[in-house]
Amino acid sequence: MSKKTLTFALMDPPFENERTTTALRIIEAACRKGHNVNVFAYEGAVFMPFAHQKQHANSVKGTDLESENHPLTRIWIAELQQLAVAHGGRLDWVNCGLCVDERGANDAITGIRRGSPKDLVQFLEGSDNSLVIATR
Amino acid sequence: MAKKILNIVSQGFRAIYEEQDDTILWLVHAMKNAGSDVSILLQGSAVTYIDTAQECPKLTLGTWKQSNPPNIIHDMEAMIAKGISFYYVEDDALARGVPAERIVKGIKAIKTTEIPGLFHKFDLIHQW
Numbered sequence: 024m025s026k027k028t029l030t031f032a033l034m035d036p037p038f039e040n041e042r043t044t045t046a047l048r049i050i051e052a053a054c055r056k057g058h059n060v061n062v063f064a065y066e067g068a069v070f071m072p073f074a075h076q077k078q079h080a081n082s083v084k085g086t087d088l089e090s091e092n093h094p095l096t097r098i099w100i101a102e103l104q105q106l107a108v109a110h111g112g113r114l115d116w117v118n119c120g121l122c123v124d125e126r127g128a129n130d131a132i133t134g135i136r137r138g139s140p141k142d143l144v145q146f147l148e149g150s151d152n153s154l155v156i157a158t159r
Numbered sequence: 031m032a033k034k035i036l037n038i039v040s041q042g043f044r045a046i047y048e049e050q051d052d053t054i055l056w057l058v059h060a061m062k063n064a065g066s067d068v069s070i071l072l073q074g075s076a077v078t079y080i081d082t083a084q085e086c087p088k089l090t091l092g093t094w095k096q097s098n099p100p101n102i103i104h105d106m107e108a109m110i111a112k113g114i115s116f117y118y119v120e121d122d123a124l125a126r127g128v129p130a131e132r133i134v135k136g137i138k139a140i141k142t143t144e145i146p147g148l149f150h151k152f153d154l155i156h157q158w
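Chains F and D supply the protein sequences, listed in that same order.
As numbered in our numbering, residues 24 to 159 make up the first sequence, in order.
As numbered in our numbering, residues 31 to 158 make up the second sequence, in order.
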């Protein structure tokens, strides 16, 4: 199978609905097959790679920090960055800069770029296909 | 006396893999622990929470492996054991094919036409 370049436009913030997990699972499958993956994170999705996300215990369930092992999207995205490289591809993640400024979401994990709709256009022009997973 | 609060959950599976539980069930559980008189009505797609055959496998992304996946049935049973009343809309469960023999114990069925009557038993109705 030939290497493809795929662009995903994501819009949902983390920890709100199942679309975030679904999107990252699709991206994982693409990375695992060695495809080049572009992500344009728009609106609340810019919080997905936010560097200050922290795990917490869960007093309602009685779990401590370790046993709760709470998922963090910044960790998932870092995993996907490494997975892409390990399979001969790349994950290029661009956060919409205005969306970042509105939310104070400036501190993203390493490898996340700040960009604009122009980056989305460049992604789309250079992609074999694209998928929008928008807020509903 | 605490106000009686009915919390309606109409959409299931919102971020349960990220949060490792349903966020509204968790919140209502925490409110109960804080002394609130809370109940839950499951309707729409959320009625599938009552199916004991459901299972959330551990998620893997890259090398990250989930060790504590969501277990909605366990959470509901714990909440029922603490005295939180659970209701589900029977019509919605029938429409989605939830088998009667697989419904979690201790949850009460109501028909759509009975919802207004249920509302009259509560001081506050919260549609989440």
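Mixed in with the good hints, there may be bad ones.
Stated by the list, open to error - What follows is a set of in silico ranges between Cβ atoms, one per label pair, in the way DEER data are often shown:
#1 F/R137 with D/T82: 42 to 50 Å
#2 D/I155 with F/A80: 30 to 38 Å
#3 F/E89 with D/N63: 17 to 25 Å
#4 F/A52 with D/N63: 21 to 29 Å
#5 D/I155 with F/A74: 33 to 41 Å
#6 F/R55 with D/K151: 47 to 55 Å
#7 D/I110 with F/E148: 49 to 57 Å
Claimed, not checked - Which residues of chain F face chain D? A partial, calculated answer using Cβ under 10 Å:
#8 E51
#9 S82
#10 P94
#11 I98
#12 A101
#13 L103
#14 Q104
#15 G120
#16 C122
#17 N129
Since the hints were made in silico from the structure, they are not lab data.
Don't be surprised by glycine CBs; every beta carbon is placed ideally from N, CA and C.
Going down the list of hints, with the structure as the test:
Hint check: F/R137 to D/T82, Cβ distance near 47 Å, so the stated range 42 to 50 Å holds. In this structure, D/I155 and F/A80 meet the distance hint of 30 to 38 Å, their C-beta atoms being roughly 32 Å apart. Checked against the given bound of 17 to 25 Å, the beta carbons of F/E89 and D/N63, roughly 22 Å apart, stay inside it. In this structure the hint that F/A52 and D/N63 lie 21 to 29 Å apart at CB is violated, the actual value being about 40 Å.
Between D/I155 and F/A74 the CB atoms are about 40 Å apart, so this pair conforms to the stated range of 33 to 41 Å. Range check, F/R55 to D/K151: about 52 Å between beta-carbon atoms, so the 47 to 55 Å window is met. Taking the beta carbon of each, D/I110 and F/E148 are about 55 Å apart, inside 49 to 57 Å as hinted. For the restraint placing F/E51 at the interface with chain D, the shortest Cβ-Cβ distance is roughly 5 Å, inside the 10 Å limit, so the hint holds.
Against a cut-off of 10 Å between C-beta atoms, the interface hint on F/S82 holds, since the closest Cβ of chain D lies about 8 Å away. Proximity of F/P94 to chain D holds as hinted, the smallest CB-CB distance being about 5 Å (cut-off 10 Å). Against a cut-off of 10 Å between C-beta atoms, the interface hint on F/I98 holds, since the closest Cβ of chain D lies about 6 Å away. Look at F/A101: its Cβ gets to within about 8 Å of chain D, closer than 10 Å, so that hint holds up.
At a threshold of 10 Å, the smallest CB-CB gap from F/L103 to chain D is about 6 Å, leaving the interface hint in force. For F/Q104, the suggested interface contact is upheld, since its CB lies about 9 Å from the closest CB of chain D, less than 10 Å. Taking 10 Å as the C-beta contact cut-off toward chain D, the hint placing F/G120 at the interface is violated, the least distance being around 25 Å. Residue-level restraint check for F/C122 is violated (minimum Cβ-Cβ distance to chain D is 20 Å; threshold 10 Å).
Here the hint on F/N129 is broken, as its CB sits about 22 Å from the closest CB of chain D, past 10 Å.
Comparing the model with each earlier hint shows violations of hints 4, 15, 16 and 17; every other hint is respected.
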